[in-house]
Amino acid sequence: MNCKELKYWLRTRDMFSCETDPDADGHLESCPSCRRLFRLDTCLEETIQSGFIQKEIPEPLIIRIDERLFS
Amino acid sequence: MIFTHESSKDEFKQLTYPHMKLMYNVALRYCGNAFDAEDILQETYLMAFKNFGQLREKSKCKSWLLKILRNNFLKSYHKKKTMQKLNETDYIDFLEESMSGEEADNQLFSADGRQFVQIALDQLPFKYKEILTLYYLEELLYKDIADTLEIPIGTVMSRLTRAREGLKTALSKQLSEKRKTSAMDHKGSPIPA
Numbered sequence: 011m012n013c014k015e016l017k018y019w020l021r022t023r024d025m026f027s028c029e030t031d032p033d034a035d036g037h038l039e040s041c042p043s044c045r046r047l048f049r050l051d052t053c054l055e056e057t058i059q060s061g062f063i064q065k066e067i068p069e070p071l072i073i074r075i076d077e078r079l080f081s
Numbered sequence: 097m098i099f100t101h102e103s104s105k106d107e108f109k110q111l112t113y114p115h116m117k118l119m120y121n122v123a124l125r126y127c128g129n130a131f132d133a134e135d136i137l138q139e140t141y142l143m144a145f146k147n148f149g150q151l152r153e154k155s156k157c158k159s160w161l162l163k164i165l166r167n168n169f170l171k172s173y174h175k176k177k178t179m180q181k182l183n184e185t186d187y188i189d190f191l192e193e194s195m196s197g198e199e200a201d202n203q204l205f206s207a208d209g210r211q212f213v214q215i216a217l218d219q220l221p222f223k224y225k226e227i228l229t230l231y232y233l234e235e236l237l238y239k240d241i242a243d244t245l246e247i248p249i250g251t252v253m254s255r256l257t258r259a260r261e262g263l264k265t266a267l268s269k270q271l272s273e274k275r276k277t278s279a280m281d282h283k284g285s286p287i288p289a
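Chains as they are written, first to last, in the working numbering: chain A, 11 to 81; chain B, 97 to 289.
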């Protein structure tokens with residue numbers, strides 16, 4: 011795998027459920043700039059995932075909905 | 097009050113209330129603020145209650161609710177919002193150019209996810225925002241997303257790829273700007289004696 015192929019893999023790795031790829035791993039081991047790109051992309055992915063953690067629904071809101079529906 | 101039978105009320109609660117937390121969180125991401133999200137959620141449950149008889153396949157309750165919520169949001173969204181366009185910047189190129197230096201990595205690690213992601217999400221067109229919300233919030237399968245949005249699975253995959261790149265670009269830009277601002281603040285601060 012070369013740098014161009016690695017970048018393509020980086021874009022599509024989730025779409026095709028190929029989060030790990032021995033070819034990509036091999037290239038990442040030998041290429042510091044792609045390694046860094048991979049690290050940044052992974053960090054961004056983790057930041058996104060942390061941004062989507064579900065919040066608890068406020069209790070007064072459930073009560074309001076209950077009241078509007080059933081009282 | 098629409099239902100007079102206790103059993104219907106119970107069935108409605110039993111089927112729809114377990115999804116309320118998800119609906120609230122989807123509404124939060126769509127609206128970007130709790131005030132509007134609460135309104136949308138209330139309207140969604142009122143509408144679902146009125147039309148509960150139309151839900152034929154009980155197993156599809158979640159996607160049925162998501163559709164109602166989506167329609168409710170779109171009604172208000174078209175009134176208020178101007179249409180956003182997806183930034184056509186190449187994500188990988190942008191990442192390479194803008195996020196140079198070790199401090200970029202540290203910044204990513206210390207970013208407050210929810211706030212950063214919401215700001216970035218609000219910069220995207222709704223079709224990207226909604227697909228990201230369904231994908232990340234509930235980790236819905238492509239098939240379920242396709243079902244909810246009534247689009248083919250292939251479109252889900254390509255739209256999701258574009259959406260993720262758009263979100264990551266917006267997020268990187270935000271972090272890059274934050275970095276510049278903090279660097280300027282640092283320059284402007286008095287030199288300690």
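Calculated directly from the structure, the hints in this document are not laboratory data.
Small disclaimer: the values here were computed from a predicted structure and weren't measured.
Incorrect hints may appear among the rest.
Now the stretches of chain B that chain A is said to cover, found in silico as 3 or more residues with beta-carbon under 8 Å [to be verified]:
#, region
1, 115-125
2, 133-142
3, 187-193
4, 255-264
All C-beta atoms, glycine included, are put in the ideal place defined by N, C-alpha and C.
Hints and how they fare:
no.: 1; hint: 115-125; verdict: holds (count 7)
no.: 2; hint: 133-142; verdict: holds (count 5)
no.: 3; hint: 187-193; verdict: holds (count 4)
no.: 4; hint: 255-264; verdict: holds (count 6)
Going down the numbered hints, you'll see the structure goes against none, and every one checks out.
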